[in-house]
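Read in numbering that gives the first Met the number 0, the sequence shown has 158 at position 159, and its numbers run on one by one without any break.
It should be emphasised that the hints constitute simulated quantities derived from the structure, not laboratory data. Backbone N, C-alpha and C define an ideal beta-carbon position, used for all residues, glycine too. Honestly, I wouldn't trust all of these hints.
As the list claims (entries may be wrong) - In silico DMTMM-like pairs for lysine to aspartate or glutamate, Cα to Cα no more than 20 angstroms straight-line:
| id | residue 1 | residue 2 |
| --- | --- | --- |
| 1 | Lys43 | Asp115 |
| 2 | Lys43 | Asp151 |
| 3 | Lys43 | Asp224 |
| 4 | Lys43 | Asp108 |
What the hints assert, rightly or not - Computed beta-carbon distance windows for the label pairs:
| id | residue 1 | residue 2 | range |
| --- | --- | --- | --- |
| 5 | Ala205 | Asp87 | 30 to 36 angstroms |
| 6 | Pro223 | Leu94 | 37 to 43 angstroms |
| 7 | Val210 | His55 | 46 to 52 angstroms |
| 8 | Val210 | Gly152 | 46 to 52 angstroms |
| 9 | Pro100 | Pro223 | 41 to 47 angstroms |
| 10 | Asp87 | Ala242 | 38 to 44 angstroms |
| 11 | Arg90 | Arg286 | 31 to 37 angstroms |
| 12 | Asp128 | Met153 | 27 to 33 angstroms |
| 13 | Ala300 | Ala194 | 15 to 21 angstroms |
| 14 | Ala211 | Asp301 | 23 to 29 angstroms |
| 15 | Gly285 | Arg259 | 25 to 31 angstroms |
| 16 | Met153 | Asp98 | 22 to 28 angstroms |
| 17 | Gly282 | Pro315 | 22 to 28 angstroms |
| 18 | Pro315 | Gly250 | 22 to 28 angstroms |
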Amino acid sequence: MTSLIRFSIALSAVVFAASSAPTRAHSQVSHATRAAPHDTTATKAALLAAERALAHAVENRGAQAFLDALAPDAAVLFSDQIILRGPDAVRAAYLARYDLPSHYTWMVDHVVVGIDGNFGCTVGRSHFDNRADTVRMAHRGVYVTCWRRAADGMWRIVAHQRNDSPAIEPELADGVPLALAPHSATVSLGRDQRAQMLATETAFAAMGAEVAGPGPAFAHFVAPDGILWTVPDMPRGPEQLLAAFTGFSPGRVLWWGPSRSFGFAAGGLGYTTGYSVNRPAEGSAGRYGAGKFLTIWRQNADTTWSYVIDSGSPRPW
Numbered sequence: 000m001t002s003l004i005r006f007s008i009a010l011s012a013v014v015f016a017a018s019s020a021p022t023r024a025h026s027q028v029s030h031a032t033r034a035a036p037h038d039t040t041a042t043k044a045a046l047l048a049a050e051r052a053l054a055h056a057v058e059n060r061g062a063q064a065f066l067d068a069l070a071p072d073a074a075v076l077f078s079d080q081i082i083l084r085g086p087d088a089v090r091a092a093y094l095a096r097y098d099l100p101s102h103y104t105w106m107v108d109h110v111v112v113g114i115d116g117n118f119g120c121t122v123g124r125s126h127f128d129n130r131a132d133t134v135r136m137a138h139r140g141v142y143v144t145c146w147r148r149a150a151d152g153m154w155r156i157v158a159h160q161r162n163d164s165p166a167i168e169p170e171l172a173d174g175v176p177l178a179l180a181p182h183s184a185t186v187s188l189g190r191d192q193r194a195q196m197l198a199t200e201t202a203f204a205a206m207g208a209e210v211a212g213p214g215p216a217f218a219h220f221v222a223p224d225g226i227l228w229t230v231p232d233m234p235r236g237p238e239q240l241l242a243a244f245t246g247f248s249p250g251r252v253l254w255w256g257p258s259r260s261f262g263f264a265a266g267g268l269g270y271t272t273g274y275s276v277n278r279p280a281e282g283s284a285g286r287y288g289a290g291k292f293l294t295i296w297r298q299n300a301d302t303t304w305s306y307v308i309d310s311g312s313p314r315p316w
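Take these sequences, add in the hints, and give me the full structure.
Written as structure tokens, this is what we have:
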């Protein structure tokens with residue numbers, strides 16, 4: 000496999016990752032509390048209704064409708080931009096890329112939610128007709144959107160990632176169900192789940208930068224049903240993740256880290272985001288690549304965290 004989407008820097012080298020024992024990252028949680036059971040089916044239905052309403056609004060009102068759905072502190076990631084915060088920071092670059100006569104549509108493939116009913120994420124495939132193309136064509140890509148239910152009951156987007164024009168399109172045909180997709184949260188333990196999750200992401204990154212390369216890290220921290228939301232294929236679970244990095248050059252290093260000004264977790268589910276660099280190892284020559292990532296994490300019964308969905312897009316150097 001030649002491109003893992005987490006950091007989508009260069010399709011000529013296997014995209015990167017890293018990991019460190021999640022079991023150690025959260026041993027400091029000594030007073031865990033289990034959340035009351037929650038009907039995740041109802042939460043999924045509510046979240047999918049919000050996503051359908053957004054798609055309808057975008058079709059009728061254009062790209063501005065997406066901006067109206069963002070939380071004030073939402074993390075927004077799309078190609079060739081840094082991580083942008085909230086509608087005001089996003090507006091100019093977003094409308095320049097996605098407003099008419101450009102046309103962006105998407106379809107939901109899967110949803111995962113927390114057990115408290117207030118947080119969840121969708122993944123799916125997209126079609127993008129970019130007005131900047133010399134020859135107009137519809138690009139097929141992938142996306143991840145995380146939603147949080149506000150105190151007024153309305154769902155708002157708190158994180159969104161698009162890889163709308165990958166060099167290699169998804170292998171999965173439109174309308175084909177996503178097989179063996181990750182399940183939603185089943186436990187919610189600990190008083191500060193965001194801190195737990197960020198500690199795991201940090202350990203993941205540290206392991207990924209080691210001499211062995213990013214493969215062992217990605218394999219170590221992925222859930223058994225976790226996926227890389229990649230183009231063209233989507234490796235799943237530790238064995239496939241390890242194999243996906245077989246071609247990663249020992250002369251290169253994949254570095255990344257979480258942006259602690261972003262990130263949210265509740266009900267045993269959360270997201271992290273940050274920047275990545277794919278660079279030559281010390282003493283080696285080669286090109287540098289820059290990317291950004293959005294990762295969905297799910298808590299385990301022993302209070303550790305594993306990632307269930309990992310995605311990325313390029314950014315300016």
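CB-CB spacing for Gly152 and Val210 relative to the 46 to 52 angstroms hint: 50 angstroms, holds
Using the Cβ atoms, figure out if Pro223 sits within 37 to 43 angstroms of Leu94. Taking Cβ atoms as reference, Pro223 and Leu94 lie about 41 angstroms apart, which means the hint holds.
Taking 22 to 28 angstroms as the stated bounds, is the beta-carbon spacing between Pro315 and Gly250 within them? Taking Cβ atoms as reference, Pro315 and Gly250 lie about 24 angstroms apart, which means the hint holds.
I want to verify a distance hint. Is the separation of the beta carbons of Met153 and Asp98 within 22 to 28 angstroms? Given about 24 angstroms between the Cβ atoms, the range holds.
Is it true that the C-beta distance of Asp87 to Ala242 lies inside 38 to 44 angstroms, as the hint says? 43 angstroms, holds
Given a hinted range of 46 to 52 angstroms, is it respected by the beta-carbon distance of Val210 and His55? 51 angstroms, holds
Per the hint of 30 to 36 angstroms, is the separation of the Cβ atoms of Ala205 and Asp87 within bounds? The hinted range 30 to 36 angstroms holds for Ala205 and Asp87, with Cβ atoms some 34 angstroms apart.
Given the hinted pair Lys43 and Asp108, is their alpha-carbon gap at most 20 angstroms? 12 angstroms, holds
Starting from Lys43, check that the Cα of Asp224 is at most 20 angstroms away, please. 18 angstroms, holds
Consistency of beta-carbon spacing, Arg286 to Arg90, with hint 31 to 37 angstroms: Check passed, 32 angstroms falls within 31 to 37 angstroms.
CA of Lys43 to CA of Asp115, is that 20 angstroms or under? Cα-Cα ~12 angstroms, so holds.
Does the Cβ-Cβ separation between Ala211 and Asp301 fall within 23 to 29 angstroms? Since Ala211 and Asp301 have Cβ atoms about 25 angstroms apart, the given range 23 to 29 angstroms holds.
Violated hints for the displayed structure: none, as all numbered hints are satisfied.
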